[in-house]
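Visitor: Turn these sequences into a full structure, and let the hints guide you.
Okay, so the sequence shown: first residue is 355 according to this note's numbering, each after it adds one.
Because the hints were derived from the structure by calculation, they are not lab data. Fair warning: there could be bad hints in the mix.
As the list claims (entries may be wrong) - Straight-line distance between alpha carbons at most 27 Å, and here's what the computed DSSO-like set of lysine-lysine pairs gives: (1) 596 to 638; (2) 596 to 456; (3) 568 to 429; (4) 595 to 568; (5) 452 to 568; (6) 595 to 452; (7) 375 to 455; (8) 509 to 535; (9) 595 to 638; (10) 420 to 374; (11) 416 to 568; (12) 595 to 515; (13) 420 to 456; (14) 509 to 533; (15) 515 to 548; (16) 375 to 452; (17) 554 to 541; (18) 596 to 452; (19) 509 to 534; (20) 456 to 398; (21) 509 to 548; (22) 659 to 638; (23) 515 to 535; (24) 398 to 375; (25) 509 to 541; (26) 396 to 420; (27) 398 to 452.
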Amino acid sequence: MFSLIVVDYNTISVTISYIKKFLKAINPEIFLHIIIIQNGDKNKDIELLTNCFGQNKNYSEKIAEKEVYFFQNDKCSICYCHSGENLGYARGNNLGAKIAKKIWNDPYLIISNNDLEIDCINLNLIEDIFISNEDVGVIGPQVITPSGIQQSPQKWSSAYKRLIVYYWLRWVAAFLPAKKKSQFLVKHCNDIVKNASSGKCDWISGCFMFIRSKAFFEIDMFDEYTFLYGEEMILSRRMEKKGYAVYFCNEQIVIHNHAQTTKKTISIMESRELDFNAIMYYYKTYCNTSPIILRLAQINFNIYKFFFINIKR
Numbered sequence: 355m356f357s358l359i360v361v362d363y364n365t366i367s368v369t370i371s372y373i374k375k376f377l378k379a380i381n382p383e384i385f386l387h388i389i390i391i392q393n394g395d396k397n398k399d400i401e402l403l404t405n406c407f408g409q410n411k412n413y414s415e416k417i418a419e420k421e422v423y424f425f426q427n428d429k430c431s432i433c434y435c436h437s438g439e440n441l442g443y444a445r446g447n448n449l450g451a452k453i454a455k456k457i458w459n460d461p462y463l464i465i466s467n468n469d470l471e472i473d474c475i476n477l478n479l480i481e482d483i484f485i486s487n488e489d490v491g492v493i494g495p496q497v498i499t500p501s502g503i504q505q506s507p508q509k510w511s512s513a514y515k516r517l518i519v520y521y522w523l524r525w526v527a528a529f530l531p532a533k534k535k536s537q538f539l540v541k542h543c544n545d546i547v548k549n550a551s552s553g554k555c556d557w558i559s560g561c562f563m564f565i566r567s568k569a570f571f572e573i574d575m576f577d578e579y580t581f582l583y584g585e586e587m588i589l590s591r592r593m594e595k596k597g598y599a600v601y602f603c604n605e606q607i608v609i610h611n612h613a614q615t616t617k618k619t620i621s622i623m624e625s626r627e628l629d630f631n632a633i634m635y636y637y638k639t640y641c642n643t644s645p646i647i648l649r650l651a652q653i654n655f656n657i658y659k660f661f662f663i664n665i666k667r
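Guide: Okay, structure coming up:
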């Protein structure tokens, strides 16, 4: 029924712990299919997975030109794939989806980070929403931070706000105390739909989402130009162009420990540059944004970057 895809980067112990919690959170009668894409080093991944989930075996053929390993117990079947390079979010999840389709061909995919806390996920409810709404291609739950800040669903933002105003608001926030900083960013930098009821929306957080497999492959999956940011906005636009909608499910909640992995692997400025380039690509490719706005945005970001590096805030 569902294939869970988790893209990992040198945090296999975190991923294993997350999978164990996830299996406890879902309906007990459901046997889950799981794909792990390792974008980092293989290290002792196979040994750790064998110890936790049972004997492994090599698949009889390469899938998407990658060698995969199987692990299974009475709750799940896990397919592990070492990508051989850091594919990022979009390419990593696309690889996972291709493997899942080849092996199981489940009607629904679950795209998930491993930095989440989940108490209960009703997969029967999610399936009912898909069945009752044939035009829904993506479903997202409530996503909140450990401090209770809402991250989803969101409304579309203008290019001017997201590419120009956004970065200077972040600059102002850098001078605020930690608690006020979070409140300021939520109020001024995001277009969150507060107290949203279940129903169709513009877009939802990419840290955790359910996707109709047929729709996902129909839109040619995630846009592989992006690496780490902007994928969920692009996915929503691609779904929209094919006649599919995005749905927010208020009854399901996940807690997102945002950026815990990226903080360990890339600098703040590197993260901001990846974000800016991805969002620039989104507005240029999917929103037909004026070249003048895009040029102003690039100049604006270069100035922002100069001040950020030299003042080191």
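Visitor: Determine for every hint whether it applies to the structure shown.
Guide: Verification of the hints:
Between residue 596 and residue 638, the direct Cα distance comes to roughly 19 Å. Compliance with the 27 Å bound is thereby established for this hinted pair. Using a Cα cut-off of 27 Å, the hinted pair residue 596 and residue 456 holds, with the two alpha carbons roughly 23 Å apart. For the given pair, residue 568 sits about 25 Å from residue 429 by alpha-carbon distance, which is consistent with the 27 Å threshold. A threshold of 27 Å between alpha carbons decides the hint, and for residue 595 with residue 568 the separation of about 15 Å falls inside it, so the pair holds.
Between residue 452 and residue 568 the CA atoms are separated by roughly 12 Å; this keeps the pair inside 27 Å, and the hint holds. Taking the CA atoms of residue 595 and residue 452, the gap is near 22 Å; set against the 27 Å cutoff, the hint holds. Between residue 375 and residue 455 the CA atoms are separated by roughly 24 Å; this keeps the pair inside 27 Å, and the hint holds. Annotation: proposed proximity of residue 509 to residue 535 holds, straight-line Cα distance about 22 Å (limit 27 Å).
Between residue 595 and residue 638, the direct Cα distance comes to roughly 16 Å. Compliance with the 27 Å bound is thereby established for this hinted pair. For the given pair, residue 420 sits about 25 Å from residue 374 by alpha-carbon distance, which is consistent with the 27 Å threshold. With a C-alpha separation of about 23 Å, the suggested pair residue 416 and residue 568 falls inside the 27 Å cut-off, and the hint holds. With a C-alpha separation of about 23 Å, the suggested pair residue 595 and residue 515 falls inside the 27 Å cut-off, and the hint holds.
Of the supplied pair hints, the one linking residue 420 and residue 456 holds, its CA atoms being roughly 12 Å apart against a limit of 27 Å. For a cut-off of 27 Å, the pair hint linking residue 509 to residue 533 stands: about 24 Å separates their Cα positions. A distance of roughly 19 Å separates the Cα atoms of residue 515 and residue 548; the hinted pair therefore holds under the 27 Å criterion. Taken as a hint, the residue 375 and residue 452 pair is honoured in the structure, with Cα atoms around 25 Å apart against an allowance of 27 Å.
Our distance criterion of 27 Å between C-alpha atoms is met by residue 554 and residue 541, whose separation comes to about 22 Å. Simply put, residue 596 and residue 452 have alpha-carbon atoms about 20 Å apart, close enough for the 27 Å limit, and the pair holds. Note on residue 509 and residue 534: the hinted pairing holds, with a Cα-Cα distance of about 23 Å set against a maximum of 27 Å. Distance hint between residue 456 and residue 398 is fulfilled; the C-alpha atoms sit about 26 Å from each other, no more than 27 Å.
For the proposed pair residue 509 and residue 548, the alpha carbon gap of about 10 Å is at most 27 Å, so the pair holds. The straight-line distance between the Cα atoms of residue 659 and residue 638 is roughly 21 Å, inside the 27 Å bound, and the hint therefore holds. Taking the CA atoms of residue 515 and residue 535, the gap is near 19 Å; set against the 27 Å cutoff, the hint holds. As the CA atoms of residue 398 and residue 375 are separated by approximately 21 Å, the hinted pair is consistent with the 27 Å bound.
A C-alpha spacing of about 13 Å is found between residue 509 and residue 541, which places the hinted pair at or below 27 Å, so the restraint holds. Of the supplied pair hints, the one linking residue 396 and residue 420 holds, its CA atoms being roughly 13 Å apart against a limit of 27 Å. For the suggested pair residue 398 and residue 452, the alpha carbons sit about 25 Å apart, so the restraint of at most 27 Å is met.
This entry satisfies every hint, going by the numbered hints stated previously.
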